[in-house]
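J.: Throw the hints in and build the complete structure from the sequences for me.
Okay, here's what each chain looks like letter by letter:
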Amino acid sequence: MAAQQTRDLAGAVDSTDPQVGLAAVASLRNLVERLEELHVSNARERGWSWQEIGAALGVSKQAVHRKHGRRRRLLG
Amino acid sequence: MFERFTTDARQAVALAQEEAVALHHGWIGTEHVLLGVLRADGDGARLLAGFGVEAAGVRDDVVRIVGRGEDDIDPDALATLGIDLDEVRERVERAFGPGALMRRRRCRRGGIGPMVPFTARAKKALELSLREAINLSQRDLRAEHLVLGLLREGDGVAARILAERGVTHAAARERIAGRDAA
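Taken in sequence, the protein lines are chains C and V.
Following our numbering, the numbering of the first sequence begins with 1 at its first residue and continues without gaps.
Following our numbering, the numbering of the second sequence begins with 77 at its first residue and continues without gaps.
It is worth saying that the hints were derived from the structure and are not from the lab.
Warning: the hint list may mix true and false statements.
Stated by the list, open to error - Far from chain C, by Cβ distances over 12 Å, these chain V residues were calculated:
hint	residue
1	A98
2	A131
3	I141
4	R165
5	R207
6	L212
As the list claims (entries may be wrong) - Sample of chain V residues at the chain C side, in silico, Cβ under 8 Å:
hint	residue
7	D148
8	T156
9	V164
10	V168
11	F172
12	G173
C-beta: ideal position from N, C-alpha, C; glycine also.
T.: Here you go:
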């Protein structure tokens with residue numbers, strides 16, 4: 001995309017247009033999910049326990065296992 | 077298993093990987109192998125050209141059927157927050173290898189390595205290609221055998237795209253056998 005267009009969009013960070021703000025939040029959330037999957041997988045491969053991963057993420061080990069355990073088994 | 081591959085066939089596999097990365101797919105499926113064959117410009121591409129199959133149209137179909145990776149992450153929307161998705165991807169891939177940030181399909185090998193992993197179907201198609209070469213009494217695995225393998229596998233995205241274009245295993249095999257007999 002053109003540099004000018006990027007600047008226009010970047011200028012929208014303080015815009016109150018819900019469409020702009022919500023789209024940004026949705027993309028950010030999906031990016032965070034992708035990064036979480038990647039780093040949880042990496043931690044498991046390095047032998048980290050669900051307890052340790054949960055602690056690092058600031059959630060309970062049950063929550064992290066519920067979210068990632070099934071996917072990990074499917075991939076494994 | 078690649079030692080009996082001809083230069084064209086090896087190139088097709090390397091290009092399959094390139095196609096997967098370009099489409100932001102975190103796997104190499106039959107669809108990428110098909111694109112690799114078409115781009116390798118060898119006997120496989122010539123065989124498919126005889127059926128009117130070319131790379132650009134197939135790539136459009138792959139995007140239509142599978143979509144691009146990261147469809148749910150809009151780089152422009154992230155730019156409004158001052159986040160550069162390319163920069164994030166570059167850093168992640170520097171640590172975890174190409175395709176690391178992309179959505180993963182269920183692959184047998186889920187581990188994070190430098191290679192984008194083959195799906196079970198793509199592996200199956202490669203194995204079947206080897207069998208096709210043997211059945212045709214050919215010593216080397218050529219790119220056209222990859223086409224037969226993709227068709228024989230039958231369930232992948234590549235087989236579906238080829239079926240939509242009227243390419244059948246029987247017809248493709250006949251052309252190869254006919255040309256070799258001539």
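J.: If a hint holds in the structure, say so; if it doesn't, say that too.
T.: Checked hints:
1. A98: Its Cβ never comes within 12 Å of chain C, the nearest being 18 Å, so this holds.
2. A131: holds (26 Å)
3. I141: Answer for V/I141: holds, closest chain C Cβ roughly 21 Å.
4. R165: At about 10 Å from chain C, V/R165 fails to clear the 12 Å cut-off, so the statement is violated.
5. R207: Check passes; 28 Å lies beyond 12 Å.
6. L212: holds (36 Å)
7. D148: OK, holds: V/D148 within 8 Å of chain C, min 4 Å.
8. T156: Holds: closest Cβ of chain C sits about 5 Å from V/T156, inside 8 Å.
9. V164: V/V164 check passes; min Cβ-Cβ to chain C is 7 Å, inside 8 Å.
10. V168: Holds - the Cβ of V/V168 comes within 8 Å of chain C, reaching about 7 Å at its closest.
11. F172: holds (6 Å)
12. G173: Given a least distance of 11 Å, the restraint on V/G173 is violated.
Hint violations for this structure: numbers 4 and 12, all remaining hints satisfied.
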